[in-house]
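A.B. asks: Given the sequences, and given the hints that come with them, work out the whole structure.
Protein chains: 2
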Amino acid sequence: MLEKRTPIPVSQAVEKVMKAATHSHSSEQVHITKAYRRILAEDLLAKHPVPPFDRTPYDGFAIHSDDSQNASRENPVTLRVIETIGAGSVCEQPVQRGEAVRIMTGAMLPPECDAIVMLELADTFTEADEDYMTIKRHFPSGHNLSYKGEDVSEGTMLIEKGTIINPGTVALLATFGYEYVSVTIKPTIGVFATGSELLEVEDELEPGKIRNSNTQMLLAQIERAGAEAVYFGKLPDEFESCYSQIKEAAVKVDILITTGGVSVGDFDLLPEVYDKLNADILFNKIAMRPGSVTTVATWNDTLMFGLSGNPSACYVGFEVFVRPIIKTRMLSSTPHLSKAKAILSEDFSKANPFTRFVRGTLSYQGHHLHAAPSGFNKSNAVSSLAKTDVFIVLPGGTRGYTKGDLVDILILDTEEGSEWPWESLSSSK
Amino acid sequence: MLEKRTPIPVSQAVEKVMKAATHSHSSEQVHITKAYRRILAEDLLAKHPVPPFDRTPYDGFAIHSDDSQNASRENPVTLRVIETIGAGSVCEQPVQRGEAVRIMTGAMLPPECDAIVMLELADTFTEADEDYMTIKRHFPSGHNLSYKGEDVSEGTMLIEKGTIINPGTVALLATFGYEYVSVTIKPTIGVFATGSELLEVEDELEPGKIRNSNTQMLLAQIERAGAEAVYFGKLPDEFESCYSQIKEAAVKVDILITTGGVSVGDFDLLPEVYDKLNADILFNKIAMRPGSVTTVATWNDTLMFGLSGNPSACYVGFEVFVRPIIKTRMLSSTPHLSKAKAILSEDFSKANPFTRFVRGTLSYQGHHLHAAPSGFNKSNAVSSLAKTDVFIVLPGGTRGYTKGDLVDILILDTEEGSEWPWESLSSSK
Chain F
1 MLEKRTPIPV SQAVEKVMKA ATHSHSSEQV HITKAYRRIL AEDLLAKHPV
51 PPFDRTPYDG FAIHSDDSQN ASRENPVTLR VIETIGAGSV CEQPVQRGEA
101 VRIMTGAMLP PECDAIVMLE LADTFTEADE DYMTIKRHFP SGHNLSYKGE
151 DVSEGTMLIE KGTIINPGTV ALLATFGYEY VSVTIKPTIG VFATGSELLE
201 VEDELEPGKI RNSNTQMLLA QIERAGAEAV YFGKLPDEFE SCYSQIKEAA
251 VKVDILITTG GVSVGDFDLL PEVYDKLNAD ILFNKIAMRP GSVTTVATWN
301 DTLMFGLSGN PSACYVGFEV FVRPIIKTRM LSSTPHLSKA KAILSEDFSK
351 ANPFTRFVRG TLSYQGHHLH AAPSGFNKSN AVSSLAKTDV FIVLPGGTRG
401 YTKGDLVDIL ILDTEEGSEW PWESLSSSK
Chain V
1 MLEKRTPIPV SQAVEKVMKA ATHSHSSEQV HITKAYRRIL AEDLLAKHPV
51 PPFDRTPYDG FAIHSDDSQN ASRENPVTLR VIETIGAGSV CEQPVQRGEA
101 VRIMTGAMLP PECDAIVMLE LADTFTEADE DYMTIKRHFP SGHNLSYKGE
151 DVSEGTMLIE KGTIINPGTV ALLATFGYEY VSVTIKPTIG VFATGSELLE
201 VEDELEPGKI RNSNTQMLLA QIERAGAEAV YFGKLPDEFE SCYSQIKEAA
251 VKVDILITTG GVSVGDFDLL PEVYDKLNAD ILFNKIAMRP GSVTTVATWN
301 DTLMFGLSGN PSACYVGFEV FVRPIIKTRM LSSTPHLSKA KAILSEDFSK
351 ANPFTRFVRG TLSYQGHHLH AAPSGFNKSN AVSSLAKTDV FIVLPGGTRG
401 YTKGDLVDIL ILDTEEGSEW PWESLSSSK
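For the protein sequence lines, the chains are F and V, in the order given. Read in order, the letters of the first sequence correspond to residues 1 to 429 in the numbering used here. Read in order, the letters of the second sequence correspond to residues 1 to 429 in the numbering used here.
Incorrect hints may have been included.
Because identical chains cannot be distinguished in the list, a pair is counted as satisfied if it fits within a single copy or across any two copies.
Said to hold, decoys possible - Pairs of lysine to aspartate or glutamate residues, derived as DMTMM-like cross-links and limited to a Cα-Cα distance of at most 20 angstroms, are as follows:
1) Lys34 / Glu223
2) Lys136 / Glu120
3) Lys34 / Asp203
4) Lys387 / Glu419
5) Lys161 / Asp66
6) Lys19 / Glu154
7) Lys285 / Asp59
8) Lys16 / Asp66
9) Lys148 / Glu206
10) Lys285 / Asp405
11) Lys378 / Glu154
12) Lys161 / Asp129
13) Lys387 / Glu415
14) Lys387 / Glu15
15) Lys148 / Asp54
16) Lys136 / Asp347
17) Lys387 / Asp413
18) Lys47 / Glu150
19) Lys161 / Asp237
20) Lys247 / Asp301
21) Lys34 / Glu228
22) Lys34 / Glu202
I should point out that these hints are in silico values taken from the structure, not numbers from a laboratory.
C.D. replies: Shown next as structure tokens:
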């Protein structure tokens, strides 16, 4: 039985998938030590000014600037040092005119003072058990001060929810006392392997068989996208148990991925499973290479992705269709792969009847982005994937490209994303 | 007591640190499901060709190409279909001239056949319980075949040791049957907080005090660099216990980081601790902003980093000096931050008496890299760090830069590194 499928353009396929994506507002609290790489579930606002008080960035003396008004080499001014303030301490007495306070880096400025003299610029001496310091120039008001709120003023919106937490964000969270942080719950992505030709990774090779590489690859892609993976094993090639296993798994996860078909002779069981589930098929063919045989269906709250069994096609399908759903559920406003342009570093002579996603390697030359196909680029290739950090996107209906051509790229290994990278890429009809 | 320190150029400081780095060849075996983001400890070689046999990329029929030699619309050729081979199965009988085999995507080509006819291009019929297929054109030898080894030939060097394992690498590992993978052991990095002005993240603010942001930030930076962090708490400000805590911790880790000084009055205890340990001080001041007050010492097999207590200075110090040691111990041949150039997107008017590391944000405009200072850029700033994904490196001895200028950048969030990014950056003397 030959099923006829009608391919739709990539941009339309992504649009359909995104419409089916539901924003999840579920969040959980994690300890700050577990926050790195999670996604903020609430906007991060400055709870207080930073620094929270006027302070000194240097070791030195806090003074009344007016006391230094007439100081010069010829007319040095001597002030009595009444106290020493270490970082974390506060001055215990009011500082009068003619007095100074020895102050350590990071310490709070006494409220009466308004300038800092760096240690190196003062001469010190002791007389009759009293400490003194002498200055030979004017230190204007505000000299060498770190003002309260100069870094961040109270209430400032610092980081938007939906942003991934990096080491700098962690520093901010600590600054504002977030011992626990509200982060988005990781969506759960189930994976089924399919294919009677597949051996497990621990098996010896047999004639006609290959080891299953898609499952382990997908588990890592899911982790990279920030979600939680659940592996459900290999689907049986018998309809009823295949149906019941898919149905059982689908209620446990947000997204369910199968790769390849489940064949009984000529016959792929999966369309029939979708049919019996009464799942809503969004599309089952896309005008793209690799990955044209990609099916997406919705069933209750679960999105079901039938990705190609070919490693490269499966890889691309995940990044283009599944990743943006994961990111959207985690509140990202830029859930798609980050889009840019690059100079093609070598010829790619194949014609492109459909939008083609060439697995490529990104490099910087000066301030220019360059991209090269990362090797053997058939849909069933696996070797090129390890060197892939971009997709070079060649629009359908174009001929071969040559070295030096400017091409669209989608960048994989970046925390940044794009809001909608598809406008100019969707020229395939 | 005013200690006089002599600053050395950044490139020289990095060089001294790198000379003290020891390559570690220790590795451990992890299950493939735990391999993502770890570092390969051995070269990944192709254990067998990929694909391991000639196979078909399409559903169709395997034939002797010579049988189709004279086939045409006017002169169709009919072949008897003797068997069906599913993916994972092998043909059970020799295929004679005049015979064809129904074959599924991914299945092994029968050894006598040398071309594949796609299903859509054959007419099929059954007569007297025998299956037949008819073709109307010539299918030359090799038509539609995926050849044994066309993706990877046996023995090919695929990925060098020292490379981070990405989802594509995982697919390769699975393909070649690596149930367990040899990866580099993560170096252990100890962290001590210092500073009597520091509150813990869970504490309420008090006058003159701020919360400790460096520790949590460093723990995340250590994780990002691929190492294992151990937090030893805050150092006491009493010499003997400070000394014994540092000594005790140093034998447990590969690298020990302190941030800020340990002050008793005017006096920083740390130089005295290094002295009593008889540690070898590589340098204690660098001609850079922020982070000029950075001390690096070696003691037995442990590298000891005294980073600045200022958040931005601490952040930069870690990435420039500690990260390359971590990467080197994990066998990377490009352990430094990845270097490129970028167009400055806004003015940076400060002069640069020393090499300056401006915390910046990277963006792509077309195929060009752009970088903008990410906000308030004083050494004690914390707000800008959350938006930092590059350092804009401005050489010492230069005046302000203006929008549109081409500047050196070091990229933080990339798995790629540089071998030695410092040649042209080391113009500060």
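A.B. asks: State whether the alpha carbon distance between Lys161 and Asp129 is at most 20 angstroms within one copy, between copies, both, or neither.
C.D. replies: So Lys161 and Asp129 fail the 20 angstroms test inside a copy (58 angstroms) and across (67 angstroms) alike.
A.B. asks: Within a copy, between copies, both or neither: which one fits Lys34 and Glu223 at a CA-CA cutoff of 20 angstroms?
C.D. replies: both (15 angstroms within a copy, 11 angstroms between copies)
A.B. asks: Within a copy, between copies, both or neither: where do Lys387 and Asp413 come within 20 angstroms Cα-Cα?
C.D. replies: both (11 angstroms within a copy, 17 angstroms between copies)
A.B. asks: Using 20 angstroms as the alpha-carbon threshold, which applies to Lys34 and Glu202: within, between, both, or neither?
C.D. replies: between (33 angstroms within a copy, 15 angstroms between copies)
A.B. asks: Go through the copies and call it for Lys285 and Asp405: within, between, both or neither, with a Cα cutoff of 20 angstroms.
C.D. replies: neither (29 angstroms within a copy, 47 angstroms between copies)
A.B. asks: Between Lys16 and Asp66, at a C-alpha cutoff of 20 angstroms, which is it: within one copy, between copies, both, or neither?
C.D. replies: neither (70 angstroms within a copy, 47 angstroms between copies)
A.B. asks: Between Lys387 and Glu419, at a C-alpha cutoff of 20 angstroms, which is it: within one copy, between copies, both, or neither?
C.D. replies: between (26 angstroms within a copy, 18 angstroms between copies)
A.B. asks: Given a CA cutoff of 20 angstroms, do Lys148 and Glu206 count as a within-copy pair, a between-copy pair, both, or neither?
C.D. replies: For Lys148 and Glu206, only the inter-copy Cα distance (14 angstroms) is at most 20 angstroms; the intra-copy one is 71 angstroms.
A.B. asks: For Lys34 vs Glu228, is the C-alpha pair at or below 20 angstroms within one copy, between two copies, both, or neither?
C.D. replies: both (15 angstroms within a copy, 14 angstroms between copies)
A.B. asks: Is it within a copy, between copies, both, or neither that the alpha carbon of Lys285 lies no farther than 20 angstroms from that of Asp59?
C.D. replies: between (69 angstroms within a copy, 16 angstroms between copies)
A.B. asks: Under a CA distance limit of 20 angstroms, which applies to Lys136 and Asp347: within one copy, between copies, both, or neither?
C.D. replies: neither (70 angstroms within a copy, 35 angstroms between copies)
A.B. asks: At 20 angstroms max between alpha carbons, let me know whether Lys136 reaches Glu120 within a copy, between copies, both or neither.
C.D. replies: within (12 angstroms within a copy, 95 angstroms between copies)
In terms of the numbered hints stated before, the structure departs from hints 5, 6, 8, 10, 12, 14, 16, 19, listed from lowest to highest.
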